[in-house]
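Asks: Going line by line, the protein sequences match chains A and B.
The first sequence: position 153 = 153 (the working numbering), numbered continuously.
The second sequence: position 46 = 46 (the working numbering), numbered continuously.
Incorrect hints may have been included.
What the hints assert, rightly or not - Listed next, the in silico DSS-like pairs over lysine-lysine satisfying Cα-Cα at most 27 Å (straight line):
#1 B:54 - A:165
#2 B:185 - A:242
#3 A:142 - A:165
#4 B:120 - A:165
To be verified - Chain A stretches covered by chain B per the calculated footprint, using a threshold of three residues with CB under 8 Å from any CB of chain B:
#5 102-108
#6 143-151
Derived from the structure by calculation, the hints contain no laboratory data.
Every residue gets a Cβ at the ideal spot worked out from N, C-alpha and C, and that includes glycine.
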Amino acid sequence: MKLFGYELPAASSLLLWGLLWEIVGQLELTFFVPALSEIFATLVEISTTKPFLKALKETGQAFALGTSSAILIGIPVGILMGINKLLDEMLLPWVNVFLSAPLTALVPVLMVLFGFGLKAIVITTALFAIWVIILNARAGVKQINPSLVEMANSFGANSWDAFSKIYFWAALPEILSGVRIGFIRAVKGVIIGQLLISIVGFGALFELYSAQFLMKHFWAVLLVLFAMAFTISEFLGMLERKVSYYAASR
Amino acid sequence: MHDKTQSPNAVEVRNVCKYYDQVEALRDMSLDIPRGGLTSMLGPSGCGKTTLLKIIAGLLPATSGEVFVNGEAVTGPGPERAFVFQDFALLPWASVMRNVAFGLELRGVAKSEREAIAEKCIADVGLNGFENSFPHQLSGGMRQRVGLARALSVDAELLLMDEPFSAVDEQTRRKFQEDLLNLVKSQNRTFLFVTHSIEEAVYVSDQIALLLPRPSRVSEIIQPSGFRDKDPDSIRRDSEYLDIVDDIWKSLRSYVE
Chain A
1 MKLFGYELPA ASSLLLWGLL WEIVGQLELT FFVPALSEIF ATLVEISTTK PFLKALKETG
61 QAFALGTSSA ILIGIPVGIL MGINKLLDEM LLPWVNVFLS APLTALVPVL MVLFGFGLKA
121 IVITTALFAI WVIILNARAG VKQINPSLVE MANSFGANSW DAFSKIYFWA ALPEILSGVR
181 IGFIRAVKGV IIGQLLISIV GFGALFELYS AQFLMKHFWA VLLVLFAMAF TISEFLGMLE
241 RKVSYYAASR
Chain B
1 MHDKTQSPNA VEVRNVCKYY DQVEALRDMS LDIPRGGLTS MLGPSGCGKT TLLKIIAGLL
61 PATSGEVFVN GEAVTGPGPE RAFVFQDFAL LPWASVMRNV AFGLELRGVA KSEREAIAEK
121 CIADVGLNGF ENSFPHQLSG GMRQRVGLAR ALSVDAELLL MDEPFSAVDE QTRRKFQEDL
181 LNLVKSQNRT FLFVTHSIEE AVYVSDQIAL LLPRPSRVSE IIQPSGFRDK DPDSIRRDSE
241 YLDIVDDIWK SLRSYVE
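Start from the sequences and build out the full structure, keeping to the hints where you can.
Replies: Structure (structure tokens):
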């Protein structure tokens, strides 16, 4: 970003907004926006408490399980849909339906099906992440150079070779951006799951703090969540840049 | 009937028809490719030359008719055939070394062994020192050298080349054609080459099959004899070379829109 000819450091817009937030907070215009410095102070204060650490563990666990199942199922399904026309025609309508469906409305059904425990939360998380992962893996395979597949065939590749040595790698740039978007959606999914299914983890903290109008605490947990999502997204963005050297020349 | 040891032909194409949906690409095509040397299939676009090459490679099924390679009917790709692609078909995420060794990798050859073979083939096509480069770091001509090295590495008797030089610039292409002549001489293999360039076909071929479209058929087989043993530089000034180029153009001109 450039301002009056000066190159500003990368996160300067965040600093500007942080400053504005601090001013609004200090002026005590509304209880909804406490000063940013107080939020950070609260964050430091609660971050060592038992309920916070318990919530972090519960949320982290559900998030890890949900996203890893979304990846392990979503990537192969997406690749197979890209390869196989019949499978594609069978599954594509459903993927599109669920991609745009208000999944939150489905959560009560999931509770009936899978109970009120970790299982239902993990499934909710996975459901938020998986569809975009499938669609991106599929799109990655669709744009593959047909010569590469012919080349593998001409040297006698079997289906597994073609899948693991050609299709996966050719689609990797798209797969990674699908996973990145899927992870961000999964952050939403895990919190919604924890709010609606059983009041555990960060969902429980949000419920507790907002019900008691503890806005400093509320914002502190939100910042933690934002930092988590930001870190994951940056990490995956870095992986994407690692494969970008061939993304343009497939 | 098709005895491997008796057949003087590397490839025999028998009454092959090919339809893409309703569109006829090949009708009742028959052609013999002799063993050894370089045979090119030359024709205007739409004459089905690439289709025929891919049927011989086993990459496309014929709608009817049969193809025999070394007397055996083709049902799919086989280890005695290797294909060189028009657009190179290199793995963009893999180094030159892995690309050249990829055919062997798919055939289950151990890593150290296949890299030793690949290194030799990389040297054969003049790419020493580029083993660890990636395709996007190479020029078009160098990429096709990688594609050629990959086809050489699997030690196939029959090399099928689909317009291998059409995507490289004119100067690189000339150098390539000279190198190909030397390669054909030094290797005891059969090269089958598809091209739409008359000069290229006459320059590199021991035998030229002239293909005509609508319906696609072999109209003529030309065997240049006089200049094949001359050095690469003087071929282009040889009178037989120039006459053949002229004759082919006369046969083809009415088919070019």
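Asks: State for each hint whether it applies.
Replies: Structure-based check of each hint:
1. B:54 - A:165: 22 Å, holds
2. B:185 - A:242: 43 Å, violated
3. A:142 - A:165: Holds. Residue 142 of chain A to residue 165 of chain A sits at ~16 Å (cutoff 27 Å).
4. B:120 - A:165: At roughly 24 Å apart (the allowed maximum being 27 Å), residue 165 of chain A and residue 120 of chain B satisfy the hint.
5. 102-108: Not satisfied, violated; 0 residues make the cut.
6. 143-151: holds (count 5)
Comparing the model with each earlier hint shows violations of hints 2, 5; every other hint is respected.
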